[in-house]
Each structure stands twice: as C-alpha cells, then as structure tokens.
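For the record, the sequence lines run as chains A and B. So in numbering that gives the first Met the number 0, the last one in the first sequence is 329, and the numbering has no gaps at all. So in numbering that gives the first Met the number 0, the last one in the second sequence is 233, and the numbering has no gaps at all.
Heads up, some of the hints might be wrong.
Once the Cα atoms are required to be at most 27 angstroms apart in a straight line, the calculated DSS-like pairs of lysine-lysine come out as [what the hints assert, rightly or not]: (1) B:LYS128 <-> A:LYS3; (2) A:LYS3 <-> B:LYS62; (3) B:LYS62 <-> B:LYS9; (4) B:LYS128 <-> B:LYS161; (5) A:LYS226 <-> B:LYS9; (6) B:LYS62 <-> A:LYS226; (7) B:LYS104 <-> B:LYS128; (8) B:LYS128 <-> B:LYS62.
So, partial list: chain A residues that the calculated Cβ filter (under 10 angstroms) puts toward chain B [as the list claims (entries may be wrong)]: (9) THR158; (10) VAL160; (11) SER161; (12) ARG211; (13) GLU215; (14) MET219; (15) GLU221; (16) ALA222; (17) PHE225; (18) ILE227; (19) ASN228; (20) ILE232; (21) GLY298; (22) LEU300; (23) ALA327.
Source of the hints: derived by calculation from the structure; they are not laboratory data. Note that beta-carbon positions come from the ideal geometry of N, C-alpha and C, so glycine has one too.
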Amino acid sequence: MMNKVSETLGRLGGVNLLPLALAAVAFVLIGAPSSWVTLTVAGLSMGMMVFLMASGLSLVFGLMDVLNFGHSAFISFGAFVAATVLAALSTWLDGGWMLASAALALALLAAIAFGLAAGLFFETVIIRPVYRDHLRQILITMGALIVSEQIILAVWGGTPVSVPRPAFLEGAWIVGDVSMEIYRLFAVGLGAAVFVGLMVLLNRTRIGLLIRAGVENREMVEALGFKINRLFIGVFMLGSALAALGGAMWAGYETLITPALGGEMMIVVFIVVIIGGLGSIEGTLLGAIIVGLTANYIGYLAPKLALASNMILMMAILMWRPSGLRPAVK
Amino acid sequence: MTLLSLQNMKTQIGQYHVLHDVTFDVPQGGVFVLLGRNGAGKTTTLRSIMGLWQPQPGSVTFKGQDISRLATADIARLGIAYVPENMGIFGGLTVEENLVLATAKGRFDQTRLQRIYTLFPALEQFWTKQAWSLSGGQKQMLAVARAIIEPRDLILIDEPTKGLAPSIVAAMGEAFREIAQETTILLVEQNFNFARSLGRDMAVVDDGRVVHRGSMADFAADTDLQGQLLGLSA
C-alpha cells in the first residue's frame with residue numbers, strides 16, 4: 000500500500016511536490032486567501048534570493064568538495080557594491096524608467112563583476128592550497144570571512160547603509176484585497192531566469208556536462224583528459240558571482256544593510272544547500288523555495304517559532320532523506 | 000615494439016610504500032595481462048600509470064616519453080584510456096552524455112559509434128537512459144565503450160569481469176578480442192580463465208613487485224607456477 004502511494008507520488012513529481020503540499024497546508028491553516036497569497040509571494044521571493052546565494056555554494060561543495068565558509072563574504076560584498084553603485088547613480092533612479100533600469104542593471108553587473116574577480120582571487124590564493132583538507136578549509140575560509148567583514152567595515156563603515164531602489168520597483172500591486180510587493184515579484188522573476196540559465200548551462204553545454212560529471216567523479220573527468228582545476232576556477236567564480244548577485248538583490252529587499260548581512264544569511268544558505276542535496280541546482284532551488292515558504296508561513300502562524308523553523312525543517316528532511324531532497328548522483 | 004615501459008616503478012600512498020619495484024614492458028598490439036592476488040598492487044600500478052597516484056619520476060615511459068611527472072589529463076591526451084575497477088560511470092548522465100564527454104570535440108565519429116553499437120547493442124537500446132539505471136554488465140559495457148569512442152593507443156582496464164554474469168563475461172571477452180585488433184589493452188584481471196583466453200603477454204605482481212614476466216601461453220601451461228604465484232590449484 001505504502002509502496003503504491005510512494006510510486007504514485009513519484010510519478011506525479013515526487014519531492015518536487017513538497018512546496019505545493021506546504022502551500023496547501025498553509026492555505027488551510029492561514030484561512031485568509033489574501034494573506035496566503037501575500038505570504039506565498041514573499042516566501043517565493045525570499046526563496047529565489049536565497050537560491051541565488053546558495054546555488055554557487057552547492058556546486059562548489061559538490062564539485063570541489065570545498066567547505067567554503069567565506070561564501071557569505073561574496074554575499075556581503077555584492078550587497079555593498081550594488082548599494083554603492085545605486086547611490087552613485089541615485090539621480091538616474093528618479094529619471095524615468097530607462098535610466099532607472101540602466102542604474103539597476105549596472106548595480107547588478109557591478110556586483111557580478113566583483114563576485115567573479117573575488118572568486119578568482121579566493122580560489123587561487125585561499126582555497127587551492129587546502130584542497131582535500133576540510134579542517135584547514137574551514138579554518139582558512141572562516142579567517143577570510145573575518146578579514147572580508149573587516150574590509151567592508153573599513154570601506155563602508157559600521158553604520159547601516161541605505162540602499163536606494165528604482166522607482167518602478169517600489170510599491171505593490173493590489174489585486175482585489177491581495178497585495179504583492181513589486182520588488183518581490185522582480186526577485187522571483189530574476190531567480191527563475193537565473194535558474195533557467197543555469198539549467199541550460201548544465202544540461203545543454205559541454206562545460207555543463209563536465210561540471211555535472213565532475214560533481215560525481217572528479218578523478219574520472221581528469222582520466223578523460225580534462226583539466227579539472229580549470230573547471231574548479233570557473234565554477235568557483237560562477238558561484239561567487241551568483242552569491243554577489245543574491246547579496247545585491249537582498250540589499251534591495253532589505254534597503255538597509257550592515258557588514259553582518261552575509262553572515263546572517265549564511266546559516267539559511269547552508270540549510271538550503273544541505274536539504275536540497277549537495278551539487279544539485281534543482282535541489283538547491285527546491286530547498287530554497289521550501290525554506291522561503293516555511294519562514295514566511297511560520298512567521299505568520301507562530302512567530303515565536305520563526306527562528307527555529309528552518310532548523311526544524313532541516314532536521315526533519317535529513318531524518319527522512321539523509322542526502323537531501325535531490326542530491327547529485329554520486 | 001614497446002608501447003609502455005615501467006622500470007622499477009615505486010609508488011607511495013601517504014606513508015605506505017605500495018609499489019616497490021614494478022618493471023615490465025607492454026608491447027604494441029594485443030592484450031597484456033597483469034595478474035596477482037588481492038592487494039598485490041595491480042590497481043595501484045594502473046592508477047600510477049594514469050598519474051592518479053604519483054610514481055617516482057623516470058619510471059614510466061609511453062611511446063618513449065617519460066609520463067611519470069605528467070598530470071592525469073595530459074596522460075589521457077597522449078592516447079591512454081582508463082577503465083577503473085568501479086567503472087567510473089557518471090550515473091546522473093545519460094549513456095549518450097557519458098560517451099559524448101569522452102569524445103575529443105564533443106561530437107561522435109559515426110563509424111566508431113556504429114562499431115560500439117555492434118559490440119554493445121544494449122547501449123543503443125538505453126541511449127537516453129541515465130547510467131545509474133543500467134545493470135552492472137551494461138555499465139561495464141559503457142565504461143569500455145567510453146574508452147574506445149576515440150582512437151586510443153593504450154587502454155588500461157581494471158578487473159572488467161568482476162561481479163558479472165558468465166554470459167556477459169563471454170560477450171566482454173569477444174569485445175576485447177575485437178578491440179585488441181586496433182589497439183593495445185593492459186588488462187588487470189583475477190579471473191584467470193578469462194585472462195588466459197585473451198592475453199598474449201603477461202606479468203604477475205605480488206606485494207608491490209613484479210615476480211614473473213613472460214608469455215601467457217607458457218604461464219598457462221605451468222600449473223605449478225600458477226599455484227605458487229596465484230594460489231590456483233591444478
């Protein structure tokens with residue numbers, strides 16, 4: 000009987016149905032449809048931003064077997080770089096749709112460019128000497144994280160930095176008695192676009208094929224004649240750039256950022272990577288959406304449990320599936 | 000003509016000296032078999048040739064070139080393919096993706112592909128299936144097919160019959176005979192009957208040293224030596 004239920008669920012989508020099941024349960028518990036829609040959009044947008052931050056870490060973890068606790072530095076730098084560009088172009092933000100879009104695009108591109116450069120530096124100088132040594136990886140990346148936070152403090156100061164938003168992303172769309180923040184919808188759209196881009200990269204290109212193969216068996220990729228170290232650099236830079244983009248989006252969402260932003264997000268990012276399954280982009284998206292929805296639903300239904308909700312979620316999922324929801328095949 | 004030459008090859012893994020003195024020459028063409036008991040150092044020998052464990056410099060030459068200091072990828076690009084004991088299949092990739100990854104330019108030479116279909120018809124049948132869903136024998140076929148999807152001068156194959164049904168072992172033997180018509184195979188094998196049916200030359204490794212070299216025909220005829228070196232009973 001249980002096997003039949005399991006097979007039927009598997010055919011319908013398996014673990015991919017979890018966000019739908021979560022949303023359905025929340026719909027019943029919340030009662031008010033308008034509140035449910037608002038919370039669901041908020042959860043999806045939070046999930047998509049966390050997905051941006053976490054997807055790179057998952058690939059780096061899966062492919063390179065590197066525990067990078069310094070990943071949050073890329074999130075923080077992305078946020079501050081984007082905030083600085085937006086502040087410098089503040090006159091563009093009020094100068095019409097075209098100028099505001101250009102300012103936003105430049106801010107996001109600056110964060111991505113910084114992430115790529117920082118990723119190159121991080122991989123070649125900090126990570127490379129400690130491959131295959133997890134203890135040293137933890138120590139050195141934690142150290143690099145502390146140094147990065149101090150650099151942010153030295154450059155941007157300790158007081159919270161305000162992040163201006165383009166006018167067209169301010170406010171909310173009101174449909175009936177449902178309110179949806181435009182910025183959150185934008186975050187959902189951008190996250191979905193990045194997910195599609197990553198899926199195309201991983202499934203439709205030779206580089207993607209190499210990354211997927213490398214996540215499973217690095218040694219065999221080398222035995223086929225590919226220099227895995229070059230792939231490592233590329234993936235690390237990609238992961239850092241995505242984290243910086245996620246940080247930039249999160250900065251616009253929070254609108255007031257501090258140097259501790261990356262560190263605060265890191266726990267959620269690690270939870271997403273672990274429950275999603277290491278090295279899997281689909282798993283990371285699934286984990287991020289579940290974490291985003293859970294945080295928002297619990298925050299509404301039982302605010303006192305909000306802080307613990309992600310930890311409880313992680314424990315429950317790991318007890319059910321110790322390798323995460325959709326791990327890359329190893 | 001010697002294709003691969005190992006001279007006093009020594010390999011240390013961590014603090015352990017696994018290979019002490021491995022010396023043998025693999026002539027071009029045919030199947031060269033490396034025999035030995037469990038833990039003798041056969042797999043380490045293949046891994047050292049591929050650069051997956053670093054042998055001491057100067058002890059491995061391929062087509063006259065010292066390859067002991069080269070990275071694994073560079074060794075592979077010289078024309079050496081490796082089929083590890085665990086097959087090294089990428090389970091999350093389809094059969095097609097596993098094979099296309101092993102091509103030099105990301106596309107198939109249709110003649111070679113047709114030959115692979117002929118040797119291993121199951122691969123054509125499961126072309127779009129993820130490799131984890133294949134049976135053990137089909138995975139081994141895929142691993143071997145991946146090694147021959149491009150022209151190679153030498154193929155290192157580690158215990159390809161391990162855990163396979165007799166009918167699959169027989170099919171694998173036929174495939175190896177045909178592959179050996181165009182390239183050289185260095186085969187590590189515990190199944191002596193299988194090894195004997197394929198090998199032209201052979202060596203026996205014991206405790207990290209080559210303790211016997213010669214022709215397979217001579218070794219197959221000497222049951223005392225087989226008992227002494229491999230523990231086989233007459």
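If you check each hint against the structure, which ones fail? 2, 8, 9, 10, 11, 20, 21, 22
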